[in-house]
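Asks: Going down the list, the protein sequences come from chains A and B. In terms of the numbering used here, the first sequence has 180 at position 83, counting the first letter as 1, and numbering is strictly consecutive. In terms of the numbering used here, the second sequence has 374 at position 226, counting the first letter as 1, and numbering is strictly consecutive.
Everything labelled a hint here was simulated from the structure, so no lab data went into it. For every residue, glycine included, the Cβ atom is placed at its ideal position computed from N, Cα and C. Be aware that a few hints might be false.
[Said to hold, decoys possible] Over 10 Å on every C-beta distance to chain B, these chain A residues come out as not near it, computed from the model:
1. Q101
2. Y207
3. Y309
4. Q395
5. L423
[As the list claims (entries may be wrong)] From the structure, some residues in chain B lie toward chain A, with a derived Cβ separation under 7 Å:
6. T196
7. D241
8. F249
[To be verified] Below, a list of computed lysine-lysine pairs in the DSS-like style, where the Cα atoms sit at most 25 Å apart:
9. A:K109 x B:K343
10. B:K343 x B:K324
11. A:K196 x A:K119
12. B:K299 x A:K109
13. A:K118 x B:K256
14. B:K219 x A:K109
15. A:K99 x B:K248
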Amino acid sequence: MKIQRLAIIARKETCDHITSKKFLLLLLMLSIVVGIGAITGINDYQSNLDRYKSGDSSSVPSPLSIISSITEVIGYYGFGAIIAIALGFDLISGEKETKSLRSLLSHPVYRDEIINGKAIGGIAALTIAITVVFMLVFALFLIQGIVPTLYELGLMLIIWLITIIFLASNFALALMASVIAGSSSNALILSLIILFVLSFFIPVFSARVAVYTMLGEDPRDEITIVRYYADSDEDDEYLELLEEKQQDYDQKRFAIHEISSLFSIQHNYYVLTGVFAKPSWDCIDGTPMLSLKEVINQVWSQLLFFLLYPSLFFGIAYVKFMRMDLR
Amino acid sequence: MIRTENLTKEYNGNCVVDHLNMEIKEGEVFGFLGPNGAGKTTTILMLTGMIEPTEGICLIDGIDVARNPLKAKEVIGYLPEDVGFYGNMTGKDNLDYFAKFYGIYPDKREERIDYLLDLVRLNGVTQTVGGYSRGMNQRLGLAQALLNDPKVVILDEPTANLDPEGVAQFRKIIRKISDEGKTILICSHILSEIKQVCRTLGILSQGKMVAQGTTEEVEEQLREQSNIPMKITIESIKPLPELSHPDILEIHKTENRAEISVNRDIRRELSSQLQEASNGIIEMHLEKPGLEQLFLKVYRRD
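Just chain B, with the same shape it has in the complex (with noise of 0.2 Å):
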């Protein structure tokens, strides 16, 4: 639903986003990541036609965004990063100016209209978007992104300025919008929020992407580049053997059990060894660093 090949922009001279080639499937929720001036913005800024590639192209539904911006802006919904909106205007008269952009009937962009606030829980406010809440706004933009009905979603940091209840409820949103087979790519620094919608992930790093599959293939590849070691801990019935391994970094022991740092999931070596020793095993477990801890040994810019 969503391809790049070769996607370049670059500003003076600068390469902001470099010959990124991305796909995303249809009805996939795609968790977007990357450091601070990774080219994110720019990325996606470029897909919902909004600036021109330098080099290369990137297609929604099959169409070439720079050269038909209008029609891949008709299968888009965009929510971009601190959404603005009229402040004189009210939050339904706003959309309703937009909305008048598809060419829908007065009629059913009522219904549309009511319908999204409903949603995102803004119906019966009659005050103007000046006088909005910031998480209020917030909302009021995700309902502009899903005024077209679109195939595609992009969300850009969807989640800033929402309290615990709004996150609640954007996550029921994306689930519902997710269940009517709509693609939809979020772009958030939160990456337990990431972890909560999303279903693949791609991470991008000055404007390359190092990482991209499922969540666990991402966490797998980011593993390997941080050399965060994993931690398996044993308790045992009777007092522990030594155990030895070449993936065994360190072991902090006392008598029945141990904190073992490895290289690799090396559980069913050391299950061997115990059974060897006739030892009884009361509980063996993997930690493997989470997400946001890989994310920042790899991209921590000190």
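Only chain A is shown next, with the shape it has when bound in the complex (with noise of 0.2 Å):
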């Protein structure tokens, strides 16, 4: 591979992509609603900010909280998969339908070098589009004369940094898609299905199915049917036994739901972004209470599937590339 073929392939898809009129659409969509978001935010900011001046509330507002309004938007809302997978989904279906793919390996390029390019070149450009967003943010927080501190700057980057992560993960699952389906129509149905799949069938609906195979009924109907008819000691007693049950009942589907949310790249991206936004770390006299290294022991299982996926999709991705029939 060598880098002066791979920034050719890279600064062309970058230069597709943020001309393209999908992307600048998308991108003005997003403008709008995280717009709305962040201006609903610095009026809860304002107002808890005016709570605080009189007296009413005790603690401080930040204005990472604005922050959460984007996050909410690009992961909660489903606006980051939209973007990454409608930038992603048709770039070598696409190729192989318009026949251009032949036409670019016939030239003095390795197809990994084609492969890295372009997702270079989509991930710049999904950069490019978040980095307008938190601009637009960032000159809201300045209109409205809210001026972060340095501490909360460094957050902000973090969280920054953390989306694009996560737009990274579903563009690479849409590159993968485009690898494995014929066509760019089909590519699309799988990415959805495999965004489907990975956010909603796991967490929620195997979770569900895993907690009833493993763990059996929840013992909270027989409290309530026991605590309705005790009269003895003895019914004190097993309501005792049940409530103990039911305490580890609730532990293990707890982290039954846990395990299975860990498969779900919005919920990691929530939890990652959420303990910069929200941060329950906060500073006391401008010293954070918790480390970094504290916070992410937290959450290292989340980080550690978050940072899994772009990896695993785009490794496949490359793998089936390499060695794509041509004929």
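Using the hints, build the complex out of the two chains.
Replies: Below is the structure:
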């Protein structure tokens, strides 16, 4: 792989993305939705500040709470996934359809340079999009006279980085689908199916199935009945036993849900950005209560899965593309 | 310039190209023929370094393509069948993008692209490739195949989608680049086209080269396989005598004229027989079956 050839492809891909109507339209939509979210967040921030100033509240509001409005739109409402998938789903399948891939490969360029260049170009375009959105929110901060501290700016930068990785995950998912599927429409459907399975099917549906099959019936119903009819010491002892059983059940159910939620890119993004956007480890007199290392220790499993996904999706896309039949 | 040794490609146990041995000399214009599914495109993809052979080697200008695909691509120009481009870019931008991979300096690049666009009559076209007709696309494909001023030009169905004027223009370009000493391999189904531009031919069937040589040599090889007889037409001054020869298959005779189906050219023998009968010959000519007829006879899949 040669850097010059990689750069030629990456530059072309980035230009193609950022000058496409699709990208500009999605960026406009994202900016409007994030802008509205940010204005609502700013209003909440101002009223919280007023309550703090009047002594009604003891906690100082943080501009970071406004940032959570961005991450909510990008993660929870799925705008990030939509943009990333929209940019990636036809990258390879589209070239196969228009037959430009064979033309490109007839010139001195390796396949890995093509797939890497396309990935870099797409991630660069997403970085530009998300930077524009963050800059927009930052501009709104300044217009409203909200000046974040250096510490808050640092946290914003971390959230920005997490957001880029989140978008890169979804983009890599679409790129993988684009390599696997025979056509762009199939690639789009495949991307959405995988997204649905990871975001909903595994964390919600299969978690419920796992809870039911592994833990059995929820003891809560039995507790209600026993509590209603309890009239002896034996009943009280049995109730205590059931309550212990329920605690154990709840702990195990929570663990199953936690584990199954790790498969959701959105959930991991939500947890990771939540740690930085709504920090429970906030400062006392400018000194953070917890160190970054301690915070990462709390969310290491989410962080691991969060970083695993783009690598896994891109890895599959890479291997499949290298072995793709060009006939 | 192009040489393959036992070149083989298998897909899921199916041998698509089977121990192919082929040699094309420098400056030759070689026609690569074969029915659909014969393995032509797979061979071309191996020659252009886009897929790796299962066995054997292919050498382009002495470069082992599988080992040095990039080096080989620097001396090859390839026009794929149904060539595709980036529809959102102009023809010039498409060529410029591909030309960057050869490390040509921007001013030289622009000069070369302008020359090629002029050659394929696409100079001054400012619309994006998405709006091109199929013929324009094909002409741009030919320009992209010549971007690096290659020593070897491989053209897969180059005249498909071209109108008669485009075909004539294409022939002119082929002659021009052939005169420059380039080795050209043309893969086509249009046999008349191949016969017009190619000096040598190779016919691939079920992954094997079944006939190779000059156009005449290949015709002869095919004729032997096809068993299509030749036809000798004779017109004499006097009524024709009884003509006999072991290679005569059938005679349709009127008084002074005969159409004789034969296994081989026996004009000399027939001429002697007529001379012996003191008969003067007004006309005697041999009709050989055409390349297309022979090709269809040998490779038609009924």
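Asks: May I ask which of the numbered hints given earlier this structure violates, with the numbers listed in increasing order?
Replies: 1, 2, 5, 7, 9, 12 and 13
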